[in-house]
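So the sequences go chain by chain: A and B.
With positions in the first sequence counted from 1, the corresponding number in the working numbering is that position plus 11.
With positions in the second sequence counted from 1, the corresponding number in the working numbering is that position plus 4.
If you are wondering where the hints come from, they were derived from the structure by calculation, not from laboratory data.
Check each hint, because a few of them may be wrong.
Said to hold, decoys possible - Which residues of chain B face chain A? A few of them, derived with a C-beta cut under 8 Å, are:
(1) THR11
(2) VAL25
(3) TRP45
(4) TYR49
(5) ALA121
(6) ASP123
(7) SER167
(8) LYS186
Unchecked claim - Simulated crosslink set (EDC-like; lysine to aspartate or glutamate; CA at most 16 Å straight-line):
(9) B:LYS16 to A:GLU231
(10) B:LYS9 to A:ASP105
(11) B:LYS150 to B:ASP89
(12) B:LYS186 to B:ASP89
(13) A:LYS138 to A:ASP105
(14) A:LYS208 to A:GLU231
(15) A:LYS139 to A:GLU199
(16) B:LYS205 to B:GLU133
(17) A:LYS139 to A:ASP28
(18) B:LYS150 to A:GLU100
(19) B:LYS16 to A:GLU100
(20) A:LYS138 to A:GLU100
(21) B:LYS150 to B:GLU133
(22) B:LYS205 to B:GLU71
(23) B:LYS9 to A:ASP29
Note that the structure is predicted; figures quoted are calculated from it, not measured.
Beta carbons: idealized from backbone N, C-alpha and C, even for Gly.
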Amino acid sequence: MSYKKLTVNSTAPNSNDDISIDSTNLLDAGRSGVNCVLRKTANGWGSNSCLKSYGGNLNFLTTSAVYNTNTSYRYDVGDNVLLRKVSGEFNLTDSITLVNSSGSYVPQVTGSWTMAYSFDGTFFNNKKVLLRALIAPTAFSGNMSVQWRLGNPSNALSTTTPLGALSYYDVNYGSIVYGYYTGSGTTETLSMRVIEKDGVFASHTRTRATCVSITAKIIE
Amino acid sequence: MSHNKITVAGQKPDVNGDITVPFVSTDEITGTPATDDYLKWNGTYWEPTANASLTTGVGHIFIGQGESDNYSNSPHGTGSFSANDQIYFYDSSPVNTITGATITSSSGWISSITLPAGDYLINAKTLFEFSATGYCGYALYNGSTKLTSYGVIGEARVNYSGSSDISMGIIQLSSSTTLTFKIGVLSNVDTGTAQSTTPSKHNLIYIEKLS
Numbered sequence: 012m013s014y015k016k017l018t019v020n021s022t023a024p025n026s027n028d029d030i031s032i033d034s035t036n037l038l039d040a041g042r043s044g045v046n047c048v049l050r051k052t053a054n055g056w057g058s059n060s061c062l063k064s065y066g067g068n069l070n071f072l073t074t075s076a077v078y079n080t081n082t083s084y085r086y087d088v089g090d091n092v093l094l095r096k097v098s099g100e101f102n103l104t105d106s107i108t109l110v111n112s113s114g115s116y117v118p119q120v121t122g123s124w125t126m127a128y129s130f131d132g133t134f135f136n137n138k139k140v141l142l143r144a145l146i147a148p149t150a151f152s153g154n155m156s157v158q159w160r161l162g163n164p165s166n167a168l169s170t171t172t173p174l175g176a177l178s179y180y181d182v183n184y185g186s187i188v189y190g191y192y193t194g195s196g197t198t199e200t201l202s203m204r205v206i207e208k209d210g211v212f213a214s215h216t217r218t219r220a221t222c223v224s225i226t227a228k229i230i231e
Numbered sequence: 005m006s007h008n009k010i011t012v013a014g015q016k017p018d019v020n021g022d023i024t025v026p027f028v029s030t031d032e033i034t035g036t037p038a039t040d041d042y043l044k045w046n047g048t049y050w051e052p053t054a055n056a057s058l059t060t061g062v063g064h065i066f067i068g069q070g071e072s073d074n075y076s077n078s079p080h081g082t083g084s085f086s087a088n089d090q091i092y093f094y095d096s097s098p099v100n101t102i103t104g105a106t107i108t109s110s111s112g113w114i115s116s117i118t119l120p121a122g123d124y125l126i127n128a129k130t131l132f133e134f135s136a137t138g139y140c141g142y143a144l145y146n147g148s149t150k151l152t153s154y155g156v157i158g159e160a161r162v163n164y165s166g167s168s169d170i171s172m173g174i175i176q177l178s179s180s181t182t183l184t185f186k187i188g189v190l191s192n193v194d195t196g197t198a199q200s201t202t203p204s205k206h207n208l209i210y211i212e213k214l215s
């Protein structure tokens, strides 16, 4: 070994024989921002961000598309709640796939509407997701309650598990349907299902779609 | 130059010739960290910071404290309401922690919010007085473009039944954008004078920056 070959983290001695090393040399991600804290990274330590910064993953926003909803198809207990998708109503679907309405637990089988949401297993692994929905069904009479459920939407309600509280709808009022989902590492399907019903309800109309909102966002 | 003269980060070798270099030099730290403190970069030094004082989000706006002020004091004034009318929200000291966001207001009545590029979760509601059984649907707009669902109030929502008073959604802005809340649909909303303090006491806007 010679003096000239001596380096520490690729830093050679200066004219005072000091090898100047500070935290910048040790942080693989640098210290780019004021107010950032030291944080373990995949390869070492960094301070590139101390802020939680998650975008949204799902959003419904009605479009100007003209359509009619056949409200003769009514919800039964156990049905998946349908929302229109064929005209691009879901303007945000990051790592979430819309599942076409099909099978026995929907008021109407149609590829123009979605009955469930498939969450990518890899992307959502160990992530906590807040689900919120306002479904504005066409209410003819009475009331019904819906709930976010985890499980195959083509199977009976009893095979699925709840992800939040029941939310109440009647001929005037609608309550936001909240759900809390933790990614398991495998791709899973979520849907809102009718839990209780005492009256007559159908899918949302074009007018009611202006009141519909569904959001999913990672919160941790 | 000899081995004995070599220092690393100002640290000399010990009797065994070992140079111990701390992960973060004490020269880089201002103050004395306590147990469980974090080190936060303040632009010059690593600054000991208690967990509770760390910034844990990317910012939010919270408007609406239940304060009382007559709606006729807002830019709307005393007159009647029509579709596309702007809605004003009252808050004498709104919270805004979103870097680059501004809230435009006059005498506590907020007329618009300008948000920098990014993704946002929007929640808003208000309450109006009605001259007869009716309804009112409102949402967030960029100009004439509706960005969120209608929040709907009123006892006779007709075709808007099953709706909530919360207007909500996720919006994605590619550049700084000035946003307003507007009435989209309405029936029998009473005049600005008749609103009295009802909107100011019930209005709420919560905006959370997502990224």
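Structure-based check of each hint:
1. THR11: Status holds, d = 5 Å.
2. VAL25: 6 Å, holds
3. TRP45: 5 Å, holds
4. TYR49: 10 Å, violated
5. ALA121: Violated. Min distance 12 Å.
6. ASP123: 5 Å, holds
7. SER167: 4 Å, holds
8. LYS186: For B:LYS186, the interface hint is violated, since the closest Cβ of chain A sits about 13 Å away, which is over 8 Å.
9. B:LYS16 to A:GLU231: 44 Å, violated
10. B:LYS9 to A:ASP105: Violated, at roughly 58 Å.
11. B:LYS150 to B:ASP89: Holds. B:LYS150 to B:ASP89 sits at ~13 Å (cutoff 16 Å).
12. B:LYS186 to B:ASP89: Holds, at about 6 Å.
13. A:LYS138 to A:ASP105: 14 Å, holds
14. A:LYS208 to A:GLU231: 34 Å, violated
15. A:LYS139 to A:GLU199: Judged against 16 Å, a Cα distance of about 14 Å means the pair holds.
16. B:LYS205 to B:GLU133: 12 Å, holds
17. A:LYS139 to A:ASP28: Given pair A:LYS139, A:ASP28 is violated - Cα atoms ~52 Å apart, limit 16 Å.
18. B:LYS150 to A:GLU100: OK: B:LYS150 and A:GLU100 at ~13 Å, within 16 Å.
19. B:LYS16 to A:GLU100: 67 Å, violated
20. A:LYS138 to A:GLU100: 25 Å, violated
21. B:LYS150 to B:GLU133: 24 Å, violated
22. B:LYS205 to B:GLU71: Since the Cα atoms of B:LYS205 and B:GLU71 sit roughly 5 Å apart, the hinted pair holds (cutoff 16 Å).
23. B:LYS9 to A:ASP29: 8 Å, holds
Going down the numbered hints, you'll see the structure goes against 4, 5, 8, 9, 10, 14, 17, 19, 20, 21, while the others check out.
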